[in-house]
Amino acid sequence: MSTQKPKVLAISSGGGHWIQLLRLKPAFAGCRVTYATVREGYENDFDGAEFALIHDGNRWSKINLLRSAAAVFWLVLRIRPDVVVTTGAAPGYFGCVFGRCFGARVVWIDSIANAEKLSASGLNARPFAHLWLTQWPDLESDSGPRYIGSVI
Amino acid sequence: MIFITVGTDRPFDRLVKVVDNWVQRTARNDVVAQIGRGGWRPQSMRAVEFIEPPEFARYFQQADVVISHAGMGTILSALHHGKPLIVMPKLASLGEHRNEHQTATARKMVAIHGVAVAFNEVDLENQLDRISELEPPRKIGQSASDSLLRGVREFIFH
Numbered sequence: 001m002s003t004q005k006p007k008v009l010a011i012s013s014g015g016g017h018w019i020q021l022l023r024l025k026p027a028f029a030g031c032r033v034t035y036a037t038v039r040e041g042y043e044n045d046f047d048g049a050e051f052a053l054i055h056d057g058n059r060w061s062k063i064n065l066l067r068s069a070a071a072v073f074w075l076v077l078r079i080r081p082d083v084v085v086t087t088g089a090a091p092g093y094f095g096c097v098f099g100r101c102f103g104a105r106v107v108w109i110d111s112i113a114n115a116e117k118l119s120a121s122g123l124n125a126r127p128f129a130h131l132w133l134t135q136w137p138d139l140e141s142d143s144g145p146r147y148i149g150s151v152i
Numbered sequence: 153m154i155f156i157t158v159g160t161d162r163p164f165d166r167l168v169k170v171v172d173n174w175v176q177r178t179a180r181n182d183v184v185a186q187i188g189r190g191g192w193r194p195q196s197m198r199a200v201e202f203i204e205p206p207e208f209a210r211y212f213q214q215a216d217v218v219i220s221h222a223g224m225g226t227i228l229s230a231l232h233h234g235k236p237l238i239v240m241p242k243l244a245s246l247g248e249h250r251n252e253h254q255t256a257t258a259r260k261m262v263a264i265h266g267v268a269v270a271f272n273e274v275d276l277e278n279q280l281d282r283i284s285e286l287e288p289p290r291k292i293g294q295s296a297s298d299s300l301l302r303g304v305r306e307f308i309f310h
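If you read the sequences in order, they're chains A and B.
Position one of the first sequence corresponds to residue 1 (the numbering used here), numbered consecutively onward.
Position one of the second sequence corresponds to residue 153 (the numbering used here), numbered consecutively onward.
Note that these hints are calculated values from the structure, not bench results.
Quick caveat, the model's predicted, so the values are computed rather than measured.
Take these hints with a grain of salt, some might be off.
In silico lysine-lysine, DSS-like type, Cα no more than 27 Å apart, as pairs [what the hints assert, rightly or not]:
#1 LYS260(B) / LYS25(A)
#2 LYS25(A) / LYS291(B)
#3 LYS117(A) / LYS260(B)
#4 LYS7(A) / LYS25(A)
Derived Cβ-Cβ restraints for the label pairs, each shown as a range [what the hints assert, rightly or not]:
#5 ARG210(B) / HIS55(A): 25 to 33 Å
#6 SER284(B) / GLU50(A): 40 to 48 Å
#7 TRP74(A) / GLY293(B): 34 to 42 Å
#8 ASP298(B) / SER61(A): 33 to 41 Å
#9 ALA70(A) / ALA209(B): 28 to 36 Å
#10 THR178(B) / GLY48(A): 43 to 51 Å
#11 ARG80(A) / ALA209(B): 28 to 36 Å
#12 GLU50(A) / GLN213(B): 27 to 35 Å
#13 ARG198(B) / LEU77(A): 41 to 49 Å
#14 TRP74(A) / PHE202(B): 22 to 30 Å
Anything over 12 Å on all C-beta distances counts as not near chain B; from chain A, calculated [what the hints assert, rightly or not]:
#15 HIS55
#16 VAL97
#17 ALA113
#18 GLY144
Ideal Cβ positions, reconstructed from N, Cα and C, are used throughout, including at glycine.
Given only the sequences and the hints, what does the whole structure look like? Please build it.
Spelled out as structure tokens, the structure:
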């Protein structure tokens, strides 16, 4: 391990995804963390770490999706993270894609809301994720995601 | 105080209408609802479309019971604050959400003490009539499970 603190980009969309991401905070102790999400006001949820606001997007609005992708692209380009950690959904997927393009190692944690099958963005993120996780033991399989715990 | 929240994404008029009827019938005056942008306006309770996170947290702390969509953000907040919760899943088939994951979440929540699950409007009416019997859930801490934190940390510092 070098003396440099690892740069972590912790990224997700809003609502439950963001609340789940914040529950991972202790895992980032000793890292330089940038938290990125889609809604103003959320920067109040923690202190100290860098915060970036990105454009929201979901699979159902192509324009929003492109704007979200562009925002995440520039964010990754600016930060050049060593590791990307995401709890989904679309912005997290873009974090995986662009993070991987720029040499980051990538963790996808599928939202705990997806209790019976993996999310669409989770399936899409699979080729880009070095660590691909579900939060439900039932969904773990040899050819599928791993289960190592949940945000609860 | 009873706090209603339907999430930041879309309105959830089915839930709001049932609660509004119940509030009218029981003449309660301590119910506040966050109804989502463009949501149906209730007649018998105070309603706002969106609540900023700090204010949201205040309502949550004040609430005796929370009634919400089956969104994990609200569920995690209720468990964290130890608030009794009634959830009803949004349905994609009715245009309330993008897919049916809330029904999957709701099925899992049936097993959690302190969370009452309503799968439809009739269930919700029944749960509301028994609201005084609800018990608070066991509080969860602020962080993910130790094993998940350890796994992510080991990955970062491999």
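- Message: Hints numbered earlier in the text: which of these fail when held up against the supplied structure?
- Response: 17
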